[in-house]
Amino acid sequence: MSHEMLDNLGSTDVDLQREGAFQAAEACLETAVPLLVNLLQSSNLGVQEAADYALRKIGGRTAIEGVLPLLRSDHPPIRNLGMDLLRALGYQHLDLLVPQLKDDDPDVRIFIADILGSTNDVLAVQPLCEALLHDPEVNVRYQAAVSLGELARPEAARSLNQALSDDEWVQFAVIEALMKIGDDSSINAFVRALDRSSELVGSMIIDALGEMGNLKAVPMLFKRLDSSPTALRNKILRAIVRIMGAKSLSLLSAEERARFATYLLVALDDEDVEIQDAAIMGLGFVGSYAATGKIIDLVGPLDADRDLERVNMVVAALARIGVNAELERALQGEESKIRIAILVLERIASPEAIELMMRFFPHYGRDMQRSLSAALARISGAEAQDFFLNVLDNSTDGTVLKQALHFLGSKLRCPECADAIVAHLHHPYNDVKD
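The sequence shown begins at 1 in the working numbering and counts up one residue at a time.
A couple of the hints might just be wrong.
Restraint-style ranges between C-beta atoms, simulated for each label pair [to be verified]:
(1) 231 to 38: 49 to 59 Å
(2) 213 to 16: 52 to 62 Å
(3) 56 to 104: 23 to 33 Å
(4) 38 to 203: 48 to 58 Å
(5) 75 to 214: 18 to 28 Å
(6) 231 to 34: 56 to 66 Å
(7) 224 to 406: 51 to 61 Å
(8) 325 to 120: 58 to 68 Å
(9) 214 to 172: 32 to 42 Å
(10) 309 to 223: 28 to 38 Å
(11) 406 to 367: 11 to 21 Å
Because the hints were derived from the structure by calculation, they are not lab data. Backbone N, C-alpha and C define an ideal beta-carbon position, used for all residues, glycine too.
Could you put together the complete structure from these sequences and hints?
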């Protein structure tokens, strides 16, 4: 039977070749490996796929040894097939892969470094660390860093920390790898690297510290706020907010909160939406009233339906700052700002907020009156009784009237309001009468 399989694999008929490949796969026929490797280079896609399937099924030392030479092919598609197979099979025999990291051909070393990152084996860490620190070819060192990040083993952290002094191209991969590993030792290494890094690398380091979320980084980042250029400082602010959580910022000393708030106000002008959002969240806990107007100016044009999550975040931050002159000024601005201000006042729901909403109600047109009356009906109590009675006397809008009737009748259950409510049984709109 094995002779028939080998004959099929050696045939010039593509159907027989495919049949032979599937037969070899089912039989796990190791002697078929050389022929299957040849068929990987066939111009027929079906034959290629069958040979690939068979080699994956057979696996083991013989298959890996057979595929390794494909890494030297002059044809990129063939090399890529070899790479894919070795990524799938390489973990079975690392001893066949690791020596290739010393190959004279830097391309082969790059490919092997890539493949080792797919093995999910701690034994791949040390040879990759050696390549990272000592290979003369920058692209090999880069790929070694990428693969160490894929393995995400803490054993690699020390070597990756050392590699933060390598070429910028390698640093990019090193930072990404350290971020995935998240080892405590990398915090100090990152901070030290900031002093000698380009602005781009420094920015990546700050982002990585924020992503890792280690509180040990916060004091070191705070020390850099005053000396950093604006763009980098804004990223530091985002990292601090991300690490601490906006709520924890309220635990800072009064002096630290004031300094932090000053920088957060500047960060609102950054073009990066994530930095803007971090600044807004931070200002919700450490911001002064001055932050209110600037935040509303920034987010006023948001579409509450399309940007609901961001609008909710902004409203929560502004509500924590509280009622102030800037919020009142927003009630006198364009419609987009008024809508944000109403949402904020509803979230605050204090007597001061309710009074402000009632005071501005007569100055608005139908749509804004609808929004205000709905908000007031949700958050108000007896303090709004006279307001809604006045609405019943003066409003002609059915939606506003329904909100007033619901508030007085269903929410307050106000006996003295009965006459005003009953009078609307003769209203021309059926939904108001209902």
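To see whether the hints hold, each was checked on the structure:
{"no.": "1", "hint": "231 to 38: 49 to 59 Å", "result": "56 Å, holds"}
{"no.": "2", "hint": "213 to 16: 52 to 62 Å", "result": "59 Å, holds"}
{"no.": "3", "hint": "56 to 104: 23 to 33 Å", "result": "29 Å, holds"}
{"no.": "4", "hint": "38 to 203: 48 to 58 Å", "result": "50 Å, holds"}
{"no.": "5", "hint": "75 to 214: 18 to 28 Å", "result": "46 Å, violated"}
{"no.": "6", "hint": "231 to 34: 56 to 66 Å", "result": "58 Å, holds"}
{"no.": "7", "hint": "224 to 406: 51 to 61 Å", "result": "55 Å, holds"}
{"no.": "8", "hint": "325 to 120: 58 to 68 Å", "result": "60 Å, holds"}
{"no.": "9", "hint": "214 to 172: 32 to 42 Å", "result": "21 Å, violated"}
{"no.": "10", "hint": "309 to 223: 28 to 38 Å", "result": "33 Å, holds"}
{"no.": "11", "hint": "406 to 367: 11 to 21 Å", "result": "19 Å, holds"}
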